[in-house]
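For the protein sequence lines, the chains are G and U, in the order given. Position 195, counted from 1, in the first sequence is what my numbering calls 246; the numbers after and before it change by one each time, with no gaps. Position 194, counted from 1, in the second sequence is what my numbering calls 196; the numbers after and before it change by one each time, with no gaps.
Simulated from the structure, these hints should not be mistaken for laboratory data. Beta carbons: idealized from backbone N, C-alpha and C, even for Gly. Please note that a few of the clues may not be correct.
Which residues of chain G face chain U? A partial, calculated answer using Cβ under 7 angstroms [claimed, not checked]:
(1) Gln-400
(2) Leu-409
(3) Glu-410
(4) Ala-430
Next come the chains, spelled out residue by residue.
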Amino acid sequence: MATDETFEIAQASKLGGAHSVGLVETKTWTFEDPPLMLDCGQVLTPVTQAYETYGELSPERDNAILIFHALSGDAHVAGYHAPDDQRPGWWDTMVGPGKAFDTDKYFLICANVIGGCRGSTGPSSINPATGRPYGPDFPILTLSDMVRAQERLVTHLGIDKLLAVTGGSMGGMMALDWAVRFPDRVHAVVAIATTARITAQSIAFNEVGRQAIMSDPHWKQGDYYDGPSPESGLAVARMIGHITYLSDEQMHRKFGRRLQDRDALCYDFGTEFQVESYLRYQGNSFVRRFDANSYLYITKAIDYFDLANGHRSLVESLERAQSEFLVISFTSDWLFPAEQAKELVRALQANGLLTTFLEIMSNYGHDAFLLPNDEMSAAVSGFLTHAQKHVRDQGGRP
Amino acid sequence: MSWTARSRETKRRLDYELISELVPHHSRILDLGCGDGQLLADLMHNKNCEVRGIEIDQAHVRNCIQRGLPVYHGDMLEGMQHYRDGSFDLVILSQTLQQASDPIRVIHTMLRVGQRAIISFPNFGWWHTRLQLLLTGRMPRHRLLPYEWYNTPNVHLCTVKDFRALCREEGLDVLHEIFLAPPARRVGPLLSNWRAGLAIFEVRKADS
Numbered sequence: 052m053a054t055d056e057t058f059e060i061a062q063a064s065k066l067g068g069a070h071s072v073g074l075v076e077t078k079t080w081t082f083e084d085p086p087l088m089l090d091c092g093q094v095l096t097p098v099t100q101a102y103e104t105y106g107e108l109s110p111e112r113d114n115a116i117l118i119f120h121a122l123s124g125d126a127h128v129a130g131y132h133a134p135d136d137q138r139p140g141w142w143d144t145m146v147g148p149g150k151a152f153d154t155d156k157y158f159l160i161c162a163n164v165i166g167g168c169r170g171s172t173g174p175s176s177i178n179p180a181t182g183r184p185y186g187p188d189f190p191i192l193t194l195s196d197m198v199r200a201q202e203r204l205v206t207h208l209g210i211d212k213l214l215a216v217t218g219g220s221m222g223g224m225m226a227l228d229w230a231v232r233f234p235d236r237v238h239a240v241v242a243i244a245t246t247a248r249i250t251a252q253s254i255a256f257n258e259v260g261r262q263a264i265m266s267d268p269h270w271k272q273g274d275y276y277d278g279p280s281p282e283s284g285l286a287v288a289r290m291i292g293h294i295t296y297l298s299d300e301q302m303h304r305k306f307g308r309r310l311q312d313r314d315a316l317c318y319d320f321g322t323e324f325q326v327e328s329y330l331r332y333q334g335n336s337f338v339r340r341f342d343a344n345s346y347l348y349i350t351k352a353i354d355y356f357d358l359a360n361g362h363r364s365l366v367e368s369l370e371r372a373q374s375e376f377l378v379i380s381f382t383s384d385w386l387f388p389a390e391q392a393k394e395l396v397r398a399l400q401a402n403g404l405l406t407t408f409l410e411i412m413s414n415y416g417h418d419a420f421l422l423p424n425d426e427m428s429a430a431v432s433g434f435l436t437h438a439q440k441h442v443r444d445q446g447g448r449p
Numbered sequence: 003m004s005w006t007a008r009s010r011e012t013k014r015r016l017d018y019e020l021i022s023e024l025v026p027h028h029s030r031i032l033d034l035g036c037g038d039g040q041l042l043a044d045l046m047h048n049k050n051c052e053v054r055g056i057e058i059d060q061a062h063v064r065n066c067i068q069r070g071l072p073v074y075h076g077d078m079l080e081g082m083q084h085y086r087d088g089s090f091d092l093v094i095l096s097q098t099l100q101q102a103s104d105p106i107r108v109i110h111t112m113l114r115v116g117q118r119a120i121i122s123f124p125n126f127g128w129w130h131t132r133l134q135l136l137l138t139g140r141m142p143r144h145r146l147l148p149y150e151w152y153n154t155p156n157v158h159l160c161t162v163k164d165f166r167a168l169c170r171e172e173g174l175d176v177l178h179e180i181f182l183a184p185p186a187r188r189v190g191p192l193l194s195n196w197r198a199g200l201a202i203f204e205v206r207k208a209d210s
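Just need the whole structure built from these sequences, with the hints factored in.
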């Protein structure tokens, strides 16, 4: 996710000083009672969630926006944890003073999903029943479970109704889930590069990633925390994922058939092409910050996601929603193509909901939502400005 | 903004005011090819209408969002697809019918999702157009038809008479006819197929 482009921009903004939320820290909050009932029928307790906030909550408590991160993201959306940090948070281009999610106007919250490995309760956390990491005993989660855990956090932060929920990719799915699960607790939804249901192709890619992890001898049925981690399996899973985040055109432009550190073909299985080197780098750097079991649990949760689940149609599943929606897709995103976003938009329209759909021209594939994009920024900022006006016109409580 | 979008925008303003006059307060409005959203914004603020737009140009969609208008970025038929029957009081199509690949399907879809439709189009029977073709022997080109034959998006041009005939054939009642001679002079129904550069029709299904 942290691509060269975001890195360069980040360096620029860090040097400039302005437009950054600056130094931030991750907080944690734990709840036990009532325990979190999961879709699979099990109970998860206690539940710890790592989260960050940016900006100030207004006295009316009507300017809070909850950001959901994507598969490999975490609570660290913007700014830096330490002055010598190499990179800012994962959506620093969108979150900060004067940016699309303007921290001068809004109070932003982002929490690491449960099942994750970046501070929230997940398979690498200690199971209170055994005193050892959960590993394979961690219950199977759905995105709804993660959303319901975050609803507790929002309540804990003293917020009755959010101005907006938002996210890209898996984060967008969670935003949609919130919109139908807690319709009276959110005014607006910004869903980016996402879909209302995972298709066979996406499940297929996720399954190949999981198989890569599970066939790593270090995985040991998920019970590996006292020994070496299944790093090579996780790296391969990440490499596969990364291919789906880029477009053919972008890969061609970025790497072509250029060779890495050599002038001629060597006729061996070393890293010959630049694209191979890039993928290996992405895979190897990922294993340093991510837990293989978390990757299994989160991709499984994504696979289960279907807003229409338990309903006769997608249209029917959105009947409970009350928010206004901004749905954004990117032309070169083949993981969650525009057609899937349009299907969602038409279902929202069929329910008479205020809906705006924007399909942005971009060559960057699915990853486009993480990169600086003027169209996306302008759309989000314009949409939120009007959403906030609608809330305040209604007077008093949002 | 593309050149075609810009040029569509300047000439659209001609009929905005007249279309607005046909729109009652508090109507539910869908504008197909809503451009930068000026008409919808006016209707929303001045007539308290509940508005929706469909627009294919990305720069226009951006403007609509800045104005706080709910807009669908894409093709109009695709964008109307899932609206329930009778979702709108009025569906507006300003100077775009002649660019649709299937105008009859567009009109019927408009009258499925809306009670009534307002359709404006450049009248190909206008004396200026006829005279240009007759005297120069070249494809007519003027402020209402500002394209060369090879780059025009207007694939289904028609005359006032053609449109009336279509309404009869398709079982549509014509509720209003408004005619304009450029730059913005209103003309009466007499010899309208000669005198009108631009025609605005309000129609509904005959059985409704």
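- Query: In ascending order, which of the hints set out earlier in this document are inconsistent with the structure?
  - Reply: none
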